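Based on the hints, put chain B in the right spot on chain A.
One letter stands for each residue in the lines below.
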Amino acid sequence: MAKLAIYMNEAGDSVLHRAGFSWMAAIFPPIWAFQHRLYKSCVAAFVVGVFVTHASALMPNGAPWIGLQIGWVLFQVLGAGFGAHLYHRVVLERSGYFMTSAEPARLTGGR
Amino acid sequence: MITPCLTHFLEGVREHGAVLAPIMLLSLAVPIIAAPFARAAYHRLVTRFMRFRQVRSPPATWWARREQRSSRPVPAGNVVGAATPDSFATTMQYRLQRIRRATLVAYVTFVVGTGLSVPLHWGAAAEFALAAAALGIGPALINATPRTLPRWLPVLVIALLALSMIFDRFKDIASIVFGFGLVFAFYLIGTNRTLRALYVPLFFIGFGALAGVVAAGVLTQGLQQCFAPLIDAGNTGAIKQISDGGLVILLIGFVALGIWSANRLIAGLARLYERGWISDISLVFLFGMALTAALACFWPDRDDVAFTRMVAAFLIWVALTIGAYIVALRASPWPAGACSLLVLRVFSPNRHSERLLDQVQTGWRYAGPVLQIGGPDLARLNINPYEFALFLGRRTHQLFLPNEVTKERLLSGLDLAPDREGRFRIAEVFCFDSAWQSTVQTLIETSDAILLDLRGFGPQRAGTGFELAQLASLERLDRTVVIGDTTTDWSYFETLAGSEAKTIARLDAQGPHLVDSCIAALLQRGVRPAHAR
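Going line by line, the protein sequences match chains A and B. Numbering that gives the first Met the number 0 applies: residue 0 is where the first sequence begins, and numbers increase by one. Numbering that gives the first Met the number 0 applies: residue 0 is where the second sequence begins, and numbers increase by one.
Next up, chain A with everything else stripped away, as it sits in the complex (with noise of 0.2 Å):
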C-alpha cells in the first residue's frame, strides 16, 4: 500500500504525496500528471506518449522485434509506475514545499 504523507510551503498550501506504485501513472501518465497539477508534464507525458506508440509501430515485424516491443512496453510501464511519485516529491521539494506529517510506516521505513 502507498505511504502518505502532507508537503505544505510557505504560502500555506498543502498537497498530499504517496509513496509507492502508481497504477494510474502506470496506465495513463498524462492523466496522473494532470491529476497531481502537473501540468507541463501533463503535455509532455502525452507528447511522449504519442511518439512512442508511433515509433514502436515502425520496428518491422519477427519474433525478435516482438520481444522488444513487449520489453519496451513492460519498461514503459513499469517506469511510470515507480518513479511517479519519486519524480512528484522531487516536483514538491524543488517548488519550496517540505513534509509537515507522514504515517507512522513511512516515517520509520524512509520515504
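Simulated from the structure, these hints should not be mistaken for lab results. Be aware that a few hints might be false.
Unchecked claim - In silico contact screen, one side only, chain A against chain B (beta carbon under 10 Å); selected entries:
hint, residue
1, 4
2, 8
3, 9
4, 14
5, 18
6, 37
7, 40
8, 69
9, 94
10, 98
11, 99
12, 100
13, 101
14, 102
15, 103
16, 106
Said to hold, decoys possible - Going by beta-carbon spacing under 8 Å, a handful of chain B positions derived as facing chain A:
hint, residue
17, 47
18, 51
19, 52
20, 53
21, 57
22, 60
23, 61
24, 63
25, 301
26, 315
27, 329
28, 332
29, 396
30, 397
31, 431
32, 454
Please read these numbers as outputs of a predicted model, since none were measured by experiment. C-beta: ideal position from N, C-alpha, C; glycine also.
Just chain B now, with coordinates in the frame of chain A:
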C-alpha cells in the same frame, strides 16, 4: 463549406436536445452504484490520516487560511439567560416547526409551479399537479421530518399516483411503479446520513460524464459530415486512422471536461454549505425538487417547444420554490440560544450505538452544535457535503488538526454557528494521532452538555478511559449523561470517575424511548441560567 458544417452541428444539437432527460434519469443510478465505493474509500482514507504523526509544524499561513475558511459569526454559547430545560425544549420544537412551515410553503409553491410546465406538454394541468405533488413529497419530507418515516406517506403517494391514472398519460402500472420507486428511493437516500452527502455530488459527476459522451457524439457526427468530402477524395486509410485517433481524444476530452465542470459545481455547493447558505438536509430537499422540475421541463411531449422555453420554465419554477422557502423562513424569527453537545464514545463499530447517536445528533441540531472527535466508527455517518467535496478534490487532509492547538485556535476552526435555516451543524474534529488528547480536553472544557456512550467500555479501551479521567479532573461530570449496557464495565467506570460516579446521570441502552430520554437528560444537564455557568 462552413455553412453546411454549422447546419450539421445545429441539427445534431437539436436531435440530441431530447436526450437531456434520459441522461438525468441515468445519472440518478450513478450515485446508487458509486456511493458505497466512494464511502468506503473516504472511510479508508480518513482512518489512515488518524494514524498520522506530525514531523514539522505547519506554517502560520496555513493556520490563517484554516481559520478564514470557517469564519462564520457564532452566537454566544448558551445565551438563554434564564432558560429552563423545558423552555429550551420548546425553543427546539419551535425551530423545527419553523423549518416545517417553510418546507410546506415551498412544497405548495412547487406544486402550483407545475403550471409552468403545462404548455410544454399535451394534457391537463391537473394531471401534472397531481404527479408533481406525489413526486415532491419525498424530498419535502426529508427536510421536514428527518428522523422518522411517517406511516401515512406510502398511502398518500399511492393515492396521488393512482389518481393521476385517471388521465391518459399515466394509465399503465409501470408509471405508478416508477413514480413510487422514485419517491421512496429519494426519501430513503435523503434520510440516510451515510448516503445523503454523497448523492448530489455523485449525481453531478455522473451527469457530467454522460453529458460529455453525448457532446462528443454530437461533435463527432458533425465533424464526420463536415469532412466527408475530404475523406472520400483522399487516401482513406491514413485519414481514417487520424480521424479515429482524434475521435478517441475528443471523447476522453469531453468526458474529462464534463467531470471537471461537475467538480466545479460541487465545489460551489460546498462553498454554499461552508458559508451556511444550505445544509446537508436542505441540499437534498432542494435538489429533489429541482430534479423533478427538470424532468418535467426537459422531457416535453410537444415537438415544437424551443430549448430556451424549457430552460426558462425550469429556472422560474425552481426560483419560485427556493424563493418561497427563503421568504417563509425569514417570516418567522429564529429564537436565539445555543447549547453545545459533546459526544464521546467507545470507538467500535456498533449498529445500535450508531443509530442512537445518529438520532440524538439529528434532534440536537435544533438546540446547538454537536461536537465530536472524528473516529473511524462514525466517519461514514458524519460525512457532509463539504468533507466529500474535499475528498473528491484530494484535499481531505485539510480537515485534520496536526498538533496541539490553543483553545481559541481550535474554536475558531469549528463550525459552531447555525446555518441560515436555523439548524446547527455536527462539527467533527479530525485529529492526527499526535493531537487528539489535547483536543478532547479543550472540547470538554467548552461544551455545555456531554454524552458519553460507554457500550463496550472496559480497561482495554484506553482512549475512552482517558476521556473519562479528563471529565473527572476538569469537574465536568455534572454535565455528563452516560449510556451503558451489559457490555459496560461499571466498576472500572466508577474507579475512573471517582467520588462523583454515583451522581452521574446514567441511561440504560435497552430502556424505552432512549432517544427522547437522552435528549431530555442532556437538556437538564446542559441548560442552566447564565449566572450558574
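Cross-check of the supplied hints:
1. 4: holds, 9 Å
2. 8: With a minimum Cβ separation of about 8 Å from chain B (threshold 10 Å), the hint on residue 8 of chain A holds.
3. 9: holds, 5 Å
4. 14: holds, 9 Å
5. 18: violated, 13 Å
6. 37: violated, 13 Å
7. 40: Nearest chain B Cβ about 17 Å off; hint violated.
8. 69: This hint is violated: residue 69 of chain A lies away from chain B, its Cβ roughly 23 Å from the closest one there, beyond 10 Å.
9. 94: violated, 14 Å
10. 98: Result: holds, 6 Å to nearest chain B Cβ.
11. 99: holds, 5 Å
12. 100: It holds, given that the least Cβ distance between residue 100 of chain A and chain B is near 4 Å, below 10 Å.
13. 101: Holds. Min distance 6 Å.
14. 102: Since chain B brings a Cβ to about 6 Å from residue 102 of chain A, closer than 10 Å, the hint holds.
15. 103: holds, 6 Å
16. 106: Hint on residue 106 of chain A: holds, closest Cβ of chain B at ~6 Å, below 10 Å.
17. 47: Interface hint status for residue 47 of chain B: holds (6 Å vs cutoff 8 Å).
18. 51: holds, 5 Å
19. 52: holds, 6 Å
20. 53: holds, 4 Å
21. 57: This interface hint holds because 5 Å falls under the 8 Å limit.
22. 60: Given a least distance of 3 Å, the restraint on residue 60 of chain B holds.
23. 61: holds, 4 Å
24. 63: Holds, about 7 Å.
25. 301: This interface hint is violated because 43 Å lies over the 8 Å limit.
26. 315: violated, 39 Å
27. 329: violated, 37 Å
28. 332: Violated, because the Cβ-Cβ distance from residue 332 of chain B to chain A comes to roughly 39 Å (cut-off 8 Å).
29. 396: holds, 5 Å
30. 397: holds, 6 Å
31. 431: holds, 6 Å
32. 454: violated, 29 Å
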